[in-house]
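**Student:** Count the sequence shown with my numbering and you get residues 1 to 342, in order.
Think of the hints as simulated: they come from the structure by calculation, not from any bench.
In this text, a Cβ means the ideal position worked out from N, Cα and C, and glycines have one as well.
Accuracy of the hints is not assured; some may be wrong.
What the hints assert, rightly or not - Label-pair restraints from in silico Cβ distances: (1) Ser210 to Val8: 21 to 29 Å; (2) Gly35 to Phe193: 22 to 30 Å; (3) Leu56 to Ala131: 38 to 46 Å; (4) Lys67 to Glu157: 55 to 63 Å; (5) Thr66 to Gly122: 22 to 30 Å; (6) Gly35 to Asn3: 48 to 56 Å.
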Amino acid sequence: MTNMWKVVKPVVLMVIVQIANAWMNVLYKLAVNDGMSLRVVVAYRYIFATAFIAPLAYILERKTRTKMTWTILFQSFLCGLFGGALAQNLQMEALALTSVTFATAISNLIPAITFILSLFFGMEKLNLRKAAGKAKIIGTMTGIGGAMLMTFYKGVEVKMLSFHINLFNQRNSGGSSHGGGGLFLVGAVSSFFFNASYALWLIIQAKMSSAYPYPYSSTALMCLMAALLSVIFTFCVERDLSQWKLGWNVRLLTVAYAGIVVSGVMVAVTSWYLRMKGPLFVSIFSPLMLVVVAFAGSTILDEKLYLGSIIGSLLIVCGLYLVLWGKNKEMMKNQLVPICHQ
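Produce the entire structure from the sequences given, and follow the hints as far as they go.
**Tutor:** This is how it looks when you write it as structure tokens:
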């Protein structure tokens with residue numbers, strides 16, 4: 001039983017991570033609809049995350065943690081920027097101007113964008129003579145094609161199961177599935193840049209985790225940097241100080257959940273498995289978040305689902321797994337243990 005749990009445990013934890021991330025997107029949408037500033041949400045998220053994870057890092061890793069170096073500190077800053085402040089502000093903008101289903105579907109392009117960036121930085125080699133190289137190229141193009149389809153093609157509305165619950169309470173802020181063409185396009189562009197920023201974070205985080213293998217401490221450093229950057233940015237652009245006021249409502253629930261559960265616990269788990277299993281294993285589970293969000297969006301947020309979104313999402317997921325298959329094939333050729341089979 002113990003051995004079986006060791007095999008199943010990584011899968012169970014990564015499923016929990018995806019479900020937790022999915023509900024964070026739903027709460028984000030509710031907070032924005034309630035009139036909360038996008039920048040304040042991000043700033044509070046990392047303030048809560050730092051307050052939660054820093055004491056844990058001190059307690060759990062103070063005896064084993066090695067001395068901090070300037071390289072680790074700089075990598076923490078980059079992680080806080082690309083995986084924190086910048087990425088989350090872009091994601092919030094995308095969620096506000098599109099739908100939770102669209103923003104989540106586009107996030108499945110992250111492995112493809114990571115592959116493109118790795119080519120640019122010389123970390124990947126493109127070999128079109130091999131099946132693996134062809135799969136990664138075709139997968140990347142398929143995913144981008146799916147994203148373009150979701151952005152520019154609407155199609156007929158697809159009726160899904162509905163509980164006739166609308167948590168927006170008729171106060172929809174305008175970020176509908178394909179409403180307000182110009183604003184939707186801005187949201188779509190924000191989603192693409194969010195993916196690029198997050199892909200950069202994955203690359204930097206993987207390097208940092210190998211040199212500084214302390215998941216709680218590295219997460220605390222990243223959250224601290226993200227909090228500082230987010231607060232500075234928010235004070236520069238948000239003049240309404242009343243936006244910082246929290247009550248016993250969806251605003252407090254959103255920032256506490258996003259900060260403590262997602263940025264605190266789930267990022268620590270993700271960092272741990274990035275080091276233990278690698279980016280491929282972590283990426284395999286990302287389509288699950290799309291399923292959860294699509295269900296929540298249509299059942300409790302009263303979001304409309306269109307044929308273009310469904311076809312585009314399927315293309316993105318197919319592209320994702322083509323890229324992952326190609327990567328796994330290369331690892332087998334290099335006589336490495338395939339991450340997805342560990």
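**Student:** Confirm or reject each hint.
**Tutor:** Results for each hint:
1. A hinted range of 21 to 29 Å for the beta carbons of serine 210 and valine 8 is consistent with their spacing of about 26 Å.
2. The beta-carbon spacing between glycine 35 and phenylalanine 193, approximately 25 Å, falls within the hinted interval of 22 to 30 Å.
3. As the Cβ distance of leucine 56 to alanine 131 is approximately 44 Å, the hint placing it in 38 to 46 Å holds.
4. The supplied range of 55 to 63 Å is met by lysine 67 and glutamate 157, whose beta-carbon atoms lie about 59 Å from each other.
5. Remark: the range hint 22 to 30 Å for threonine 66 to glycine 122 is upheld by a beta-carbon distance near 28 Å.
6. Evaluation of the 48 to 56 Å hint for glycine 35 and asparagine 3 yields a pass: the beta carbon distance comes to about 52 Å.
Of the hints listed earlier, there is not a single one the structure fails to meet.
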